[in-house]
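Asker: Below are the chains, spelled out letter by letter.
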Amino acid sequence: MSDPLEIARRESSVLRISVRTAAIMLGFTLVFTALMAGTYKLTEPLVAASAAAEKLRLIGEVLPPALHDNDVMADAIILPPQKVLGTDDDSRVWRARKAGQPVALVFEAAARDGYSGRIGLILAVAADGRLLALRVTSHKETPGLGDYIDPKKDRNKTRPWITQFNGLGLTQVPRDKWRVKKDGGRFDQMSGATISARAVTNASGRALAWAVENRDQLFALPANSRHADEGAKQ
Amino acid sequence: MSAYKEIAWNGLWKQNSILAQLLGLCPLLAVSTTLVNAVSLGLATILVMMLANFAISALRALIPYEIRIPVFILIIAALVTVVDLAFNAFLHDLYLVLGIFIPLIVTNCIVLARVEAFAAKNGLRASTFDGLMMGVGFVWVIGLLGAVREFIGQGTIFSGIEMIFPTLSGIQVLPEDYPGFLIAILPPGAFFVLALLIAGRNWLEARANRRLLEKRLHEHPPVAPATA
Numbered sequence: 002m003s004d005p006l007e008i009a010r011r012e013s014s015v016l017r018i019s020v021r022t023a024a025i026m027l028g029f030t031l032v033f034t035a036l037m038a039g040t041y042k043l044t045e046p047l048v049a050a051s052a053a054a055e056k057l058r059l060i061g062e063v064l065p066p067a068l069h070d071n072d073v074m075a076d077a078i079i080l081p082p083q084k085v086l087g088t089d090d091d092s093r094v095w096r097a098r099k100a101g102q103p104v105a106l107v108f109e110a111a112a113r114d115g116y117s118g119r120i121g122l123i124l125a126v127a128a129d130g131r132l133l134a135l136r137v138t139s140h141k142e143t144p145g146l147g148d149y150i151d152p153k154k155d156r157n158k159t160r161p162w163i164t165q166f167n168g169l170g171l172t173q174v175p176r177d178k179w180r181v182k183k184d185g186g187r188f189d190q191m192s193g194a195t196i197s198a199r200a201v202t203n204a205s206g207r208a209l210a211w212a213v214e215n216r217d218q219l220f221a222l223p224a225n226s227r228h229a230d231e232g233a234k235q
Numbered sequence: 190m191s192a193y194k195e196i197a198w199n200g201l202w203k204q205n206s207i208l209a210q211l212l213g214l215c216p217l218l219a220v221s222t223t224l225v226n227a228v229s230l231g232l233a234t235i236l237v238m239m240l241a242n243f244a245i246s247a248l249r250a251l252i253p254y255e256i257r258i259p260v261f262i263l264i265i266a267a268l269v270t271v272v273d274l275a276f277n278a279f280l281h282d283l284y285l286v287l288g289i290f291i292p293l294i295v296t297n298c299i300v301l302a303r304v305e306a307f308a309a310k311n312g313l314r315a316s317t318f319d320g321l322m323m324g325v326g327f328v329w330v331i332g333l334l335g336a337v338r339e340f341i342g343q344g345t346i347f348s349g350i351e352m353i354f355p356t357l358s359g360i361q362v363l364p365e366d367y368p369g370f371l372i373a374i375l376p377p378g379a380f381f382v383l384a385l386l387i388a389g390r391n392w393l394e395a396r397a398n399r400r401l402l403e404k405r406l407h408e409h410p411p412v413a414p415a416t417a
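First to last, the protein sequences are chains A and B.
Numbering-wise, the first sequence is residues 2 to 235 according to the working numbering.
Numbering-wise, the second sequence is residues 190 to 417 according to the working numbering.
These are calculated hints, taken from the structure and not from any lab test.
Just so it is clear, the structure is predicted and the values come from calculations on it, not from any experiment.
Take these hints with a grain of salt, some might be off.
As the list claims (entries may be wrong) - No more than 25 Å apart at the CA atoms, straight line, and that leaves these computed lysine to any residue pairs for SDA-like:
| id | chain 1 | residue 1 | chain 2 | residue 2 |
| --- | --- | --- | --- | --- |
| 1 | A | 141 | A | 114 |
| 2 | A | 153 | B | 375 |
| 3 | B | 203 | B | 388 |
| 4 | A | 153 | B | 341 |
| 5 | A | 84 | A | 214 |
| 6 | A | 154 | B | 346 |
| 7 | A | 141 | B | 380 |
| 8 | A | 182 | B | 369 |
| 9 | A | 178 | A | 227 |
| 10 | B | 310 | A | 30 |
| 11 | A | 56 | B | 353 |
| 12 | A | 141 | A | 203 |
| 13 | B | 404 | B | 198 |
| 14 | A | 158 | B | 344 |
| 15 | A | 99 | A | 215 |
| 16 | A | 153 | B | 280 |
| 17 | A | 56 | B | 292 |
| 18 | B | 203 | B | 346 |
| 19 | A | 42 | B | 280 |
| 20 | A | 42 | B | 288 |
| 21 | A | 182 | A | 195 |
| 22 | A | 141 | A | 157 |
| 23 | A | 141 | B | 368 |
| 24 | A | 183 | A | 207 |
Bound conformation, chain B alone (with noise of 0.2 Å):
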């Protein structure tokens, strides 16, 4: 496997920064009540962890080891301010949909985790291909989850989408009488449904193993052991 595909195959599914690391609950549960909330968030997400990435990358030889973690935090934190006033400045119809989310991606640990584990021993490419591929794979997984929440709490998909795109509107999937299973949008509702998202994963990571290990078996039974 070539150094970028492994890069992307741990962001999406190996080291995925919520089903294999957990990192970055805080916002994820808050804001995945519906698919769009969820999918906005998660796209501001990639775009800062992308800048912070790379910017940590670019500077990396300049940070002394010991103080490496509060300079980190002081350029994820600057990163995040400006990206919220360009946003707001530049972009404002999106920012009224995306602006609230901006701020929460600095309690996301998953961008200080990604630059100390690794922007700060790899280059400025590989580095900002990382940061990419990490908010992809959040961006998958959170929009599964507030999709899941938003079908089982609301009966619909895609509601507040006209907010992005004023001539959509949000998809009742389930009758229009159903009267709503709240705690599936209350936050215990985002843990139910994300313990059964990482048992999905486990499982399916479980059954890949096993079948990786009967196949070496097929290929190379073990030898009986000499009777002494």
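Next comes chain A alone, as it looks inside the complex (with noise of 0.2 Å):
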């Protein structure tokens, strides 16, 4: 056994099978990767038309569209990750504008401090300086007790907790009295779920009050241009 031509020839099998083994591996890994990337390259524009069409759907929701005359989809400004917002990704801040006239920025948010994970939010905000409407469009809260910011799991049909918020701005109701009922603010929480509530809450108050002061900038950037990056404002 110690022949040292058989322990060559026994390496040189044993080199072989695994040869032919990464080999066969690699080989469906390409076929399968083929398979994953043709199908995404397939899919790619229905993908993406129905995430627009999931977007406008989502606009609509906050932005009644009697009140502009514009192409909001098309009138839009890129946002890096905001902290103040809580975004992580470039997210789009949309213009509604009646006649020339700015009317109202549409912009996505979320808050970190739910019950269990992020909550994702899309606010209207008037140029006024008005929250026109916000509502949830991700959460993880728990069924039947905190998923309750999502007016469609509401019990309240006719007046949902989240739309308490219509129609106020900083004016109406002072920052500090931005909060829910338990913290001392202006705003319901329903027992037992303050957390969610909060937590919408105290986003909301955070990202009309960005909207606010990025008013001006914000309605003047031209179309599909980058807003400055936080660092870069200071």
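Two chains, two frames, some hints: make the complex.
Answerer: What follows is the structure in structure tokens.
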């Protein structure tokens, strides 16, 4: 068995089997990666179109179509991640105008202090500084308890919780009163599920203040341009 | 029992992925908060299990034994991605409801378990049928779990159905002022209800076995040992 030729032959056969197995694995990886890449390429335009339709539907929920006459989807600027809005990625600010006059800003924000994870929001802030409406776009709050922040899950169908912010601005409700009642503020929460309401209320207050502060600049930027980064603004 | 009958019986009851094999509990417990959510995940799982069993049964001659597990995982992950993209592109309305569940299926080890235990050794038709039956077995148990948790937790049934059929709406079974029983919806509630379902299955099995034994004893009474 210690014949050096025999050892060499065995080693070469081990090597051969290893290379063969690795080649098969590589082959499978290539074929199935190609399958995924092909499907991705094939479905990309359709997926992008439905994502855009979904965005348009969300914008329509916070911004009544009668208020503006421009193509909001086209009149957008790109916003780098903003700490105050809780956004991690580039997002968009859509500008609504009527007869060329600024009407409202629509943008996304997020609350990171929900009961379980991130709560995504979309807000429409009128040019006069009032919050037209906001909606929860994604959340993982407890079903049946904290999920009333989404009007589809709210048991109060005539006046869902999220609508109490409609039409209010920082002149009607001072910044330090833009909190839930439990924190000494102005807005209702449901007992037993304060955390969800607090997260949405505080995030909407921060987002509203940000929009009011940056309003003129946000309306003035040309469409599809990039808003200055947080750091560059200083 | 014919081979197909046996596959069906294994999937639905005897080797049921949840009640007997206790596989795939992670997505099971996370998603079974309502009946509609649970059945939605279950339907997506059926689709992926059939596809995975079909693909691996078809390719089984090409997969070396030593690296079968990585290849299986690769194929399952690729199929789930393709299903996810295809749903998003071609069935977008359904995707808005089921979309969040499809990636969860990769974490469901029942898919890998059936591929390894069945599809790698059996023909195309039997394997696809096994995927279907294992999937149906998964759906009825996760659906029951979701319905019980929803009923105890919220006092409703079919809540969220309007996401799939906009004309329908959930049914409030218990009175409107039912305060809800939160623990049924939280993860511990899933364990409690699942434990009761498994106990129920074991009880039924034990009873069936005892009856079988009694019947045998009746037909062939044991011969009294001869006294020496």
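Asker: Between residue 203 of chain B and residue 388 of chain B, does the CA-CA distance stay at or below 25 Å?
Answerer: holds, 14 Å
Asker: Could you grab the alpha-carbon distance between residue 141 of chain A and residue 368 of chain B and see if it respects the 25 Å cut-off?
Answerer: holds, 21 Å
Asker: Sort out whether residue 369 of chain B lies within 25 Å of residue 182 of chain A, counting only the CA atoms.
Answerer: The given pair, whose Cα atoms are some 24 Å apart, holds under the 25 Å limit.
Asker: With a cut-off of 25 Å on the C-alpha distance, tell me whether residue 178 of chain A and residue 227 of chain A pass.
Answerer: violated, 33 Å
Asker: With a cut-off of 25 Å on the C-alpha distance, tell me whether residue 99 of chain A and residue 215 of chain A pass.
Answerer: Given pair residue 99 of chain A, residue 215 of chain A holds - Cα atoms ~20 Å apart, limit 25 Å.
Asker: Are the Cα atoms of residue 183 of chain A and residue 207 of chain A separated by 25 Å or less?
Answerer: With Cα atoms ~18 Å apart, residue 183 of chain A and residue 207 of chain A stay inside 25 Å; holds.
Asker: Starting from residue 141 of chain A, check that the Cα of residue 114 of chain A is at most 25 Å away, please.
Answerer: With Cα atoms ~12 Å apart, residue 141 of chain A and residue 114 of chain A stay inside 25 Å; holds.
Asker: Take the C-alpha atoms of residue 141 of chain A and residue 157 of chain A, compute the straight-line distance between them, and say whether it is at most 25 Å.
Answerer: holds, 20 Å
Asker: Taking only the CA atoms, is the gap from residue 310 of chain B to residue 30 of chain A under or equal to 25 Å?
Answerer: Roughly 22 Å between the alpha carbons, so the hint for residue 310 of chain B and residue 30 of chain A holds.
Asker: Taken at face value, is the distance from the CA of residue 292 of chain B to the CA of residue 56 of chain A at most 25 Å?
Answerer: Holds: residue 56 of chain A and residue 292 of chain B sit about 22 Å apart, inside 25 Å.
Asker: When you check the alpha-carbon spacing of residue 182 of chain A and residue 195 of chain A, does it fall within 25 Å?
Answerer: Measuring from Cα to Cα gives roughly 10 Å; hence the hint holds.
Asker: Taking only the CA atoms, is the gap from residue 84 of chain A to residue 214 of chain A under or equal to 25 Å?
Answerer: With a Cα-Cα distance of about 15 Å, the restraint between residue 84 of chain A and residue 214 of chain A holds, given a limit of 25 Å.
The structure fails hints 9 and 18 (numbered hints given earlier, in ascending order).
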